[in-house]
Every structure is written in C-alpha cells, then in structure tokens.
Amino acid sequence: MAAANRGDAEAYARLLHALAPLIRHIVGRDRQFIGGNEVEDVVQDVLLSLHAVRATYDPRRPFMPWLLAIVRRRVVDAGRRRMRRTGREVPLDEGAVTFPAAGANLAGEEFRQVEALRVAIGRLPPRQRGAVELLKLREMSLREAAAATGSSVGALKVATNRAMAALRLLMKKT
Amino acid sequence: MSMDTPELIDMLTRDLRPVRPTRAPWLYASMWSIVSMASVIGLIAVLSHNLDRLTTIRLSRFWLEQVAALTTGVTAAAVVFASVVPGSSRRWLWLPVVPAIGWLAILASGCLRDWMARGSAGLLPHADWPCTVAMTLGAIVPVATILAMARRGAPLTPTRTAALAGLAGAALSSIVACTSRPMPHPTTMTVAVWHLGTLLVIVWAAAQAGPRALAWPVDAELIASIEADARQSDRGDQ
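As given, the protein sequences belong to chains A and B, one line each in that order. Per this note's numbering, residue 1 is the first one in the first sequence, and the count goes up by one each step. Per this note's numbering, residue 175 is the first one in the second sequence, and the count goes up by one each step.
It is worth saying that the hints were derived from the structure and are not from the lab. Keep in mind it's a predicted model, so treat the numbers as computed, not measured. None of the hints are false.
Across the chosen pairs, the derived CB separations fall in these ranges: (1) P65/A with E401/B: 29 to 35 Å; (2) P385/B with R29/A: 24 to 30 Å; (3) R61/A with P385/B: 24 to 30 Å.
Every residue, glycine too, gets a C-beta built ideally from N, C-alpha and C.
The shape of chain A in the complex, shown without the other chains:
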C-alpha cells in the first residue's frame, strides 16, 4: 500500500487482486444483512472506497485494521441501503400475463366460464333462478331463503336440484 501511495501501479494491482478474495470472504459473511446478490457490488464499493481514501493509510501503522475499518463501514452502509430500499418496497404477486398462445390464457378461460355460467343462470325458469341466486350466489341458508321467498324448504331443495341439473346441461352445450 505504501508503494501504491508512491504511485507504483504494479504493486497496487497486485495488492488489490490479492485483497479482492479476502474482502469477498468478509463481505460474504454478512450476505443476509446486505442481500445475497449484493456481495460483489459491496466488494467493488470497498475497492472504490479504499482507493478514494488511500491517502489516509499511514505506512507506520498496520494495514489490516485500516482495511477492516473500511470494509466494516461499507458493509454497514450497504445493509442500511438495503433496509431503506426494502422498507419502501411492497412485494406484489406476479401479474397476469397474456400471451398469444391459447394455452397460456388460463385466467381468460376462467373468466369466459364465469360469463357462460351467468348466461346459463339467466336462462333458467324464474323459480329455479331465484333458488340458485339465494342459496348459491348470496350463500343464504335454506331457512333464510325460504323466509325470503315465502316457499317451503322442501320446495327450495327441489328447485335447486333441478336448477343444478339444468345448468350442467347448459354448460356442456357451451
């Protein structure tokens, strides 16, 4: 380092190439704090910082404490940067992507099924349609539905069974 500060580029290159794996090892111990993908960035950050403050190295004093102080500081800085960044981010689920291939459009297919079901329900006789709407769509109990329509529980069960059979047929046709 003393030679590098005197302008010896070769000695500096040898030193930095020798230090890089050591710095990577030290930084790597804190990969959970700084993020696994950031290790090489922090190593380069350390090298840039070391280069920027190389004038603070005193050849009369040991080199390693000087280096480790810089490494520790840059690791802390990187960790804080990451905390700030992740603190502002909201993880989102993967968004639906539509591709030209028909097999990739499952979400759209489901949507089309819902539309078909809605049309099929609309084609049911009024009594059966009412039973489906109250029991299946609004999720009322049989007693609540009976009270709302004024018909008996048995009649509602019959209407629902018939409606479901009719819907199965209608959906097969589509």
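Got chain A sorted already, so can you dock chain B onto it with the hints?
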C-alpha cells in the same frame, strides 16, 4: 455494478498517481485551532461592546471556564480528525470528556457559589438570547472549516464525527459569547442553561448534517472513465 471486479481493479490501477499521506490528527487539529481562533477573535472584536471589560475581569473562575471551553473544543477537533482515519483507536473518543467534565465542574462550582451567596435567586437562569446568537454566529466558521477538512478522510462514522465537529465549534463559540457581552452573566446557571443548551442544539444540528457533509469521496475522473467503458462495451454488445 455491471463491471467485473478484475476490470475495476485494472481501472483503479491505470494512471495511478502518487498521493500525499494525510497528516497526524493533532496537526490538523492545530491548523484548525489557528483558523478558528482567528475567526473567534475577529468576532469578539466585532461583537464586543467594551473590550476593556476583559482586562478588568479578575475572576479566575471566568478564565478557567474559557480555558476549559477552549480545551474541549481543541480535543474534540483532534478526535474529529482521528475518527476519519480508518483503524485509529476508539480510545481517542474519550479525549474531550476530560476537559468537558472540567468545564461542567467549573460551572457547577459557580452555581454552588451563587446559591450560597444569594440562595435560590442565585440559581435562576435568566433569558440570554444574545449569547445564543453569538454562539451560533461564532460556531459557523469553526464547524464549516472542520467539516471541510475532515472530508479528506474516510467518513467511517459521519454522524458522530459531525457531532464532535459541532462540539468543537460550539465550545469555541462559547468563548465568543462570554467575552463579547457588555456585562457579566447575572448567574452561573444562566451560562449553564443557555450556553450548554445552545451547544447541544449546535451539536445536534451538526450531527444531522453529518451524513450529507461527510460522504465518501468520489473520484470524478475515475467514475467518468468507468461510465465511458460501460458505454463502449454496451455499443460492442449491440
């Protein structure tokens, strides 16, 4: 960073120029003290209503207080310059504590003396805005100078370093406030509350400015050459 580490090392070592090693912290502290004392003396001359008053003050406690403030400031400055040298001992941090304790002890003894002489009236802190203004004005040059000088080092603990810079500047500016006023302070408690209160505000403000004022130095030429290389390799890829 998109660059490989060996590539970065090649860039760092290319066109390497010799650098002048930074000097010992005490030497920087001495240089800062000279500049800051010049500004303090200048400000006392401008703000002082009656410089002759200083020659008539015989209270050894008054002068001891100023010496303690000065020592606190200078030792805090030495710690500032030590804190920007990687690997320097953390024991340095305790250096300003000794004169600071001495300063507080002198103020405490003054409060005790006032209380014994005048009872509870001697412990009343009187409003002292002129001292706050004088201290704030007096701290500007020392704090700005020390932060500018500390930027040559490594900002390992920017908040703490800047807080100590605030302490160094505020301690010297306390001398401005004490010596430029036309009359002595009515009670020592006034000094304790207003001077130490203003000092704490200056330390806090400096600490807040620390991370911005003491960022890692950037070699603009190097960054420009890294960016130019990245652009060139992008064009090559296309």
